[in-house]
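K.L.:
Generate coordinates for the entire structure from the input sequences, incorporating the hints supplied.
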Amino acid sequence: MSALLEVSGLSRRFGGLLAVNDVSFSVGQGAIVGLLGPNGSGKTTVLNMISGHLLPSGGDISLHGKRISGLGASRISKHGVARTFQLVRALPSLTVVENVTVALAFGRQKLWGVAARERAMGFLDQVGLAHRADHLAEDLTYIDQKRMELARALAADPELLLLDEWLAGLNPTELQSGIGLIRSLGSSGITILMVEHVMEAIRALCSQCVIMNAGVKIADAPTADALSDPAVITAYLGEQHA
Amino acid sequence: MTSRLLCQITGFLTIIIALTALPFFVGPYTITLMIGMLGYVALAIAWAMFSGPTRYVSLATVAFFGIGAYACAVFNESLPYPLLLLVAGLIGLAVALVVGLATLRLAGVYFVIFTFGLAELVRQLVTWFEVNITGTLGRYIFLPVTPEGIYWQLLALSAFAFAISWLIGRSRLGLALKVIGEDEVVAAHCGIAIARIKLALFALSAVIMTLVGAIQAPRWTYVEPSIAFNPTISFLTLIMALLGGANRLMGPIMGAVPLFLLFEWLSANFPNHYSIILGLVFITIVFVLPNGVLDFVEKGLTHRITAAAKPAEVQK
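So the sequence lines, in the order shown, correspond to chains A and B. For the first sequence, numbering that gives the first Met the number 0 gives the first residue as 0, with consecutive numbering after it. For the second sequence, numbering that gives the first Met the number 0 gives the first residue as 0, with consecutive numbering after it.
Hints listed in this document are in silico derivations from the structure and should not be mistaken for laboratory results. None of the values given here were measured: they were computed from a predicted structure. Each hint should be verified, as a subset may be incorrect.
Over the 12 Å line for every Cβ pair with chain B, so calculated as not near, a few chain A residues [stated by the list, open to error]:
no.	residue
1	R12
2	L17
3	S50
4	H63
5	S68
6	G69
7	S76
8	R202
9	A213
10	V215
11	T233
12	Y235
Stretches of chain A that chain B covers, calculated by requiring three or more beta carbons in the stretch to come under 8 Å of a beta carbon on chain B [unchecked claim]:
no.	segment
13	85-97
14	103-109
Quick list of the computed label-pair ranges, beta carbon to beta carbon [as the list claims (entries may be wrong)]:
no.	chain 1	residue 1	chain 2	residue 2	range
15	B	F141	A	A114	55 to 61 Å
16	A	S7	B	L120	25 to 31 Å
17	A	D138	B	A155	41 to 47 Å
18	B	T19	A	D138	51 to 57 Å
By construction, the Cβ of each residue, glycine as well, lies at the ideal position given by its N, Cα and C atoms.
P.N.:
Here is the structure:
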């Protein structure tokens, strides 16, 4: 399996705080990889650097062997990286379908007009929001806004999809359908890197897990091995459980 | 859909033709009034073009307006008139690009303050230059342009600005501007080249403002920095666009026309209390109509319609 995303020696400093410290890992083409770690371990910062929201202080990120670190978010999106945000970023005064159309209009496909709307409706249907297409985004519930954000990310036609706690806050039924949705995205060929705390979803979806603690990578292995790694258990539960 | 579009275009052209014919039917006072009004219509449209969707509140309107007026004053003897307008527009463009590159990274209140400062800076620079280098503060403009000529030019410029706004509103560019106004992070992640788009729109809006200044300047005959760079022009433009609704195509016009007439009437009838009343009008608009008249009317209508529709639903 060839690597789609290659992260090497990645660091990010916020003033005196080293939030991400020399992290390296790779994500194979078509894989679903979990990025785990206790709160504050730097997972979201890593996602932010991959999507171009933050510039790395050091290290390299490359996609298909092409370096993307140092580019802005709009350039990186053109390389085929799309994401959702931990705290949903809807465009509140636009309608749901317009929110999705944005990614089509300025993404890699440059769709506009009727064709864009049709495609957008397809993505909304995929996440189960087609019936709310013409509502304002601000009128959606938080969970529906998350669905909309995923539809917007999919509309960008990504090769690499970054999900930042997309499954958080779902009830058990919604969680099952959410897991099913992500699995179907994975089998349609999209590579997924997901930050997640819901262990059930990680075990069900991720073939490989990268685990961070305090800005450092502490494990990078197939999911079952990574989760039973003594260093990981120590990070989550403390010394006596390891 | 297309028949509605046809109606709109026909309506637009009819109004333009009627306004073009206006000077043949009215006296010089009306022309003077219309020149002032069209100037503000063009300024408000240009202002809303950039500031409406992006929510970057700019007080630099008079910086560009004044640059246009001053360019006209400086070159009125050395350049033929069409070239004069071109040069004025290019100077406005150059200043807008430099300023835009330097400042469009600022957001919120910092941008407001910067643009206000910019207008003052330009005024002080021009004053300094005139006093220390050319040795004269104030210039005369003698151009063989009739009031009707100025009126027609401003009408053409306003129509142009309106048509451009209409086109932008229907294009992907319009959507990009809206997204930038809502959330720049999302805009960037959706592939929108934020800096380039903001700069382009800021420059376009600035060039229109510059041309308004250049076209109107001959009306004054005598120009000095305190006239050309009067900050009230920035505030009036802003409040006109806000009154109508800066996010709507018709908004700037719906704000500029009534407010201009109101201010004319106030300055004629209450010359001593003009500024006080102006301030009260500003405050009233911000408190009572924060989203503009059009939004207010529309909300009122939908409220009535839903109120009327509800009993019918119950009967079902």
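K.L.:
It remains to establish, for every hint, whether it holds in the given structure.
P.N.:
Taking the hints in turn, this is what the structure says about them:
no.	hint	result
1	R12	21 Å, holds
2	L17	24 Å, holds
3	S50	6 Å, violated
4	H63	18 Å, holds
5	S68	15 Å, holds
6	G69	15 Å, holds
7	S76	4 Å, violated
8	R202	29 Å, holds
9	A213	26 Å, holds
10	V215	27 Å, holds
11	T233	35 Å, holds
12	Y235	30 Å, holds
13	85-97	holds (count 6)
14	103-109	holds (count 4)
15	B:F141 - A:A114: 55 to 61 Å	57 Å, holds
16	A:S7 - B:L120: 25 to 31 Å	47 Å, violated
17	A:D138 - B:A155: 41 to 47 Å	43 Å, holds
18	B:T19 - A:D138: 51 to 57 Å	45 Å, violated
When the structure is compared with the earlier hints, violations turn up for hints 3, 7, 16 and 18 and for no others.
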